[in-house]
Amino acid sequence: MTDLKNAGRYYAHYLRRYWLGMLVAMVLISISTWCIVVAPTYLGRAIEELTTYLQHWANPATRGQASFAQFDRTIIIYILLYFGDASTILFASLILARVASFSTGTMRVGLFRKMQRMQVQYFDQHSDGDILARYTSDLDNIFNAMNQALLELFLAIAQFVGILLMMFNQNVQLAWVTMASTPVALVIAGWVIHQASVSVNAQQDDIGRLNGYINEQVTGQKVIITNGLQADSIRGFDALNAKWRQTALRGQIWSGVLNPLMGGMSLLNTAIVIFFGSWLAVSGSMSQGAALALVVVFVNYAQQYYQPLISFTSLYSMIQLAITGARRIDEVRNQPDEISPQPGLPLTQIHDAIQLNDVHFSYLPGKEILHGVDITVHTGEMVALVGPTGSGKTTVMNLLNRFYDVDAGSVTFDGTDIRDFALPALRAHVGIVLQDPQLFSGTIADNIRFGDPEADMTAVIAAAKQANIHDFIASLPAGYDTPVSDEQSVFSAGQKQLMSIARTILTNPKLLILDEATSNVDTVTEAKIQAAMDNVIQGRTSFVIAHRLKTILNADKIVVLQAGKIIEQGTHDELLAENGFYAELYHNQMVFE
Amino acid sequence: MKLLKPYLARFKGDVWWAIVSVAVVAFATLWQPRVLQQIMTAIIANDKATVFRLGLWLVALGVIGIGAGVINTVYSARIALNVATNLRADVYRHVQTFAYADVEQFSPSNLVVRMTNDINQIQQVLMAVFQQVTRIPLLFFGALVLALVTIPSLWWIILVMMAAIIGVSWFAFQKMGKLFGRTQKLVERVNTIARENLMGIRVVKSFVQEDNQIKTFAKASDAMRDVNTKIGDLFAILMPAFFLACNLAIGVSVFLIGRNITAHPAYLAAISSYTSYLFQIMFAVINAGFMTTFAARAMISIGRLETVMTHAPSMHFVAGPSQPVGGSIAFDHVSFTYPGDDQPTLRDISFTVPAGAQVGIVGATGSGKTTLAQLIPRLFDPDTGTVTLGGVDLRELSQATIRDTVSFVLQRSTLFSGTIAANLRQAQPSAALPQMERAAGIAQAAEFIERLPERYDAPVEERSANFSGGQKQRLAITRGVIAEPKVLILDDATSALDARSEKLVQEALGKHLAHTTTVIIAEKISSIIHADEILVLADGRLVGHGTHRELVANNPTYQEIYRTQKAKEAAQ
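Protein chains in written order, with our numbering: chain A, 1 to 593; chain B, 1001 to 1572.
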C-alpha cells in the first residue's frame, strides 16, 4: 500500500502541471464516450424506422405515408456521432501523448539532476547497474504505461459508466441480464491473475537460475574447454532447462489464458443477451420494430460491455510495472543531497597547511574505519599514504574534497574547517586523479577541458604536453577532435590515464589527490604515467595513495596506515631506521633479491 | 524459419490441437452473428420455438468458444515451451562443441544473449502465433465471405474500408520507421550519459561539472522527448481512423440497405450481423499488422540462432582416450593471427622446454605472452609452424590426452558457483579430501579454506563474489595442481597475491611438483626471477631467452622492464 502511496505522490508531483491538459482530455473522452454509447440507439431507431416504412409500404392503403425522411435523418446523426467520436479521441490522444512524453522527459531530467546533487555514499552503496536500471527499465515502463495505459484506462472507465447508464435508460430488465455474468467474470479474472502472478514469479526465478548458469558457463568456456568439462556442463544445463520448462509452462498457460477467457466470456454474454432480448421481444408487448431495435442496441452494448474489463486485465501488468518504477525512482528522490554551507566561505589559496585533526570516520554506523587520524601537510609538500588493503587510505582521500564528511574531528585548510567553504569553491581547488580514469563521450579535447569547458586549445595542448600525451594525440588522424567513444576501446588503459592527468593539470588545482593505478598497465607504460604524475605534483600540495616505490621514496612524508590508525609517519630513511611495519613492507614488496 | 521446422514437426500433435481449437474459436465468433440474423428473422416471423432453439444454440456456441480458447492456450503454451526448451538445449550442446576461437568469434556475452533473450523472444512469438495465427485469416476470410453472402451488393464498401485502414497504417508506419531509428539512437545517447555520470560521479563532482552535465543530459532528453511526441502523434491517428473507417462503412451500408429495403426486405434482419462482420474484418486487418511487426522481431532472433547452429567448430581433435605423453614443450617456427586481425600476434617463435623445467615468459602488455601460452593446451592452432607436447604434434593428440596432460590457470580466475570441492573436482573428478588438502597446501589456499566453517564444502557464489581476488587466484591454482599435471601454465595467475604468498606458492611448486613442466607468465620480474629459462617477448617476437642473470646482462627489452621495477635504481 505504501508503494501505491509513494507512486501516487510521485505521479502527482510530475503530472500536476498538466492538470489542464488532462482535464480537457477527460472531457473529450467523455464526449467521445457519449457519442459511442448513444450511437447504437440511432442504429436501433433506424431499424425501427425501416420496419415502420416496410409496414406502411406493404399496405397499399398507407403506402403513400411511407417516407425515408426520418430514416435519413437518423443515419446522418449516426454518422455524425462517429465523426464526433473519432475527432474527440484524436485530440484526447494527441494531448495525452504530449503529457506522456513531456512528463517522462521531466522525470528523466529530474532524476539526473537529483543524481548530480546526491551524496557519493549512495553511489558507493548501490551497483551502477541497479541505478542505471532506473533510467532504462523503470522510466521506460513509466513511459509505456503513460503512453498506452492512460488513454485506455480513462476510456475504459468512461465507457463502462456510459454503457451502464445507457443500458438502464433503454431497458432495465435487459441491463440486468447483460450485467449478470459480471461477478463470475470478475472472480475468474481475479483468480487467473493471481495464479498467473504466482506462477510467473516462479518462472522468473527459474529463468533467472537458468540464465545465470548459461552466463557463468559460457563466460567460463575457456576453463570448460581446458578442463574438458563439456559433458558436465551439458548435464547441469539439462537439469535447469527441464525444471524451467515445468514452471514456465504453468506461467505461460496462466498468463496466456486470461485473454481468450475474457473474450469467450464476452461471446457467451452476448449470446445470453441475444437469447433473453429476443425472448423478451417475442413474448412481450412491444411493437415489432421496437423489439428489433432493442435487440440490435443491446447486442451492441453486450459486445462492448466486456471491453473495459478486457483492456483493464491486459493493462494490469503494465500499470503494476509503472507503480514499481515510480516507487524505485521516488526512493532516489528521497535521498539526502550534499550539504554546502549557505553562503560558504570563498577559497582562493592555501597558504600554510592542510590538516586532519583526530579524524574519526565510518561508512556504516558502528563500523568505524578511521580511528583518530592526524596528518599535517604543509603547502608544496607531497605525502605518500601507504598501507595494506582496507587500511583506510582511500577513505582519507574521500574526506579531502568532501565526498564524505568526518564523524568527529576535522579537516582544515589553513585552520578553516572545509565544511565551511562553499562546496564548488572547495572542489574547484582540489584535483583528483583516480585509479580508473573515467572519460566521457565527446572528443579528446572535450575530455581534457572537462573541468573548464571554456578553456582554449592552447591550454588544452599545454596540459596534454605536460601529461606526456600530446605526441600520441597529434599522431591520430583527427588529433584532438578524435572522438572518445562509449567503450573507449581505441585507447589503452595507459593512454586514458594520461588523458585524465591532462584533464586535472588544466584546472590547475591547489591540492592534488592521486590514486596510483596498480595492475592495469605493464611496467613500461607505468613509467610514462609516473613521469606525467611527477609533472603534476611538481610545486603542488599533494596526497598520493602510493603503490610505487619511486613515488614513496620521493615523498616529503610517508604516512603508514593500518586498520584505520596511523602506525608510522616520517621520511623513508626515518621509517627504515625504525625497522617497523614500513621497513618490512619495503623489504617484502619492493626489493628483488 | 528452417530452424524451427524440425521442432514443430516433433510436436505435431500439439500443433494440430492448437490449430483445431483456435479454428473452433474463430468459428464460434463468426457463427454468432449468423445465428443472430436467424433469430431476428424469427422475431419478425414471431416464431417463439425457433427463437428459443436458436437462443440455446447461441449459448452453447459461447461455451464451446470458451472451452476451445482454453484448450488452445494450453497447447500453444506447450508448443512455445517445448520448442524453446529443445532449441535451447540443442544450441547449448552445439556451443559446447565449439573451440575457443569460435566462442571468441561470437563473444561469450553474445552467445549468452542468443541463448536467453533470443530464445525467449521466439517463445513469446510462438505463443502469440498459435493463439492468433489461424484465427486472423479464418476470421478475416470467414467474416469477408459471410458479409458478402449476407449482402452481396455492398462488396465495394468492404473494399473501401480495408483500403482506408491499410492506407492509414502504411502512411503512419512509413513515417514512424524513421522516427524509431532516431529514438533508438537518442535512447542510447541518454543512457550513455547517465552511465558515464554514474561511473564518473567522482570526476564530475571534483571538477564541479554538475550543471554542465545536467545541461548536456537535458538536451539529449529533450530531443528524445520531441521524437517520442511525434511518434505519439502518429499513433494517435491510428485508432480513431480505423474506427471511423469501420463506422462510416456501417453507416453507409445501413443507409443503402434502408433505401433499397423494399427490394430486399429480408436485409432488415441482417443489419446487425452485417455490422459485426465489418468489425471483425477491421480487427483482423489491424491484428495482422501487429502480428507482422511482432513476427519480424522473432525472425531476427531466429536468424541470430541460425548463425550459431550452422557455425561448424573450427577445430577438430583426433578421437581416442587419454594416453600418456611426455611433459616437454617445443615451438617450431610458430606464427599466429587471431581470426579477424590483420597483424599476426605471434611471429616465428621457436623454443624448447625440457620436461620438468620451469619457464618464465615476460613482455609488455600486448606482446603476445597469453597468446603463446594458449597454444600449449591447443585453445588455438598456429597459422604456421608446430607446437609439440612430449615430442608429438598437438594436432595428433586426442582432446582427452591434452586436457589430462596440460593444466592452465588463467589470468582472470574463473570459478563456478557450487562448492570449493566441486570446483576442484573439475580437474580431478575422483579427488578425495587428502588430495584437495595437498593441492590447497601447495597453492597457499589451505590457510583460508581451513578457516571456513564448511571447509571444502564451503559455497562458491556466482562470480565467486564471496572470495577476494587473491583467494580466487589461490583456489584456481589449487584446481590447476590437484591432478598433478605434466604441464602447468600459470598465466599471470598470482597477480593478486602479495609477494610473500607468491614466493611460498613458487617454493611449494618446486618442491611438490618437481617433475611438472611449469610455464609462468608474469608482469613482475620477481615472479619468474628463479626460472630455469626466461622467454622475453616484444611485439609477438621472441627477442631473448636465458636466465635472469644472462638477460639482465645483455637483453635490452628485459633490461628496460627490469629497470622500471627495480627498487634501488628507482630511488635515485
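I should point out that these hints are in silico values taken from the structure, not numbers from a laboratory. Just so you know, not all the hints are guaranteed correct.
[Stated by the list, open to error] Chain B regions said to be covered by chain A (calculated; three or more residues, Cβ under 8 Å):
| no. | segment |
| --- | --- |
| 1 | 1108-1116 |
| 2 | 1154-1167 |
| 3 | 1189-1203 |
Yeah, the Cβ is synthetic: ideal placement off N, Cα and C, and Gly gets one too.
Quick rundown of the hints versus the structure:
| no. | hint | result |
| --- | --- | --- |
| 1 | 1108-1116 | holds (count 6) |
| 2 | 1154-1167 | violated (count 0) |
| 3 | 1189-1203 | holds (count 14) |
In this structure, only the earlier hint numbered 2 is contradicted, and the remaining ones agree with it.
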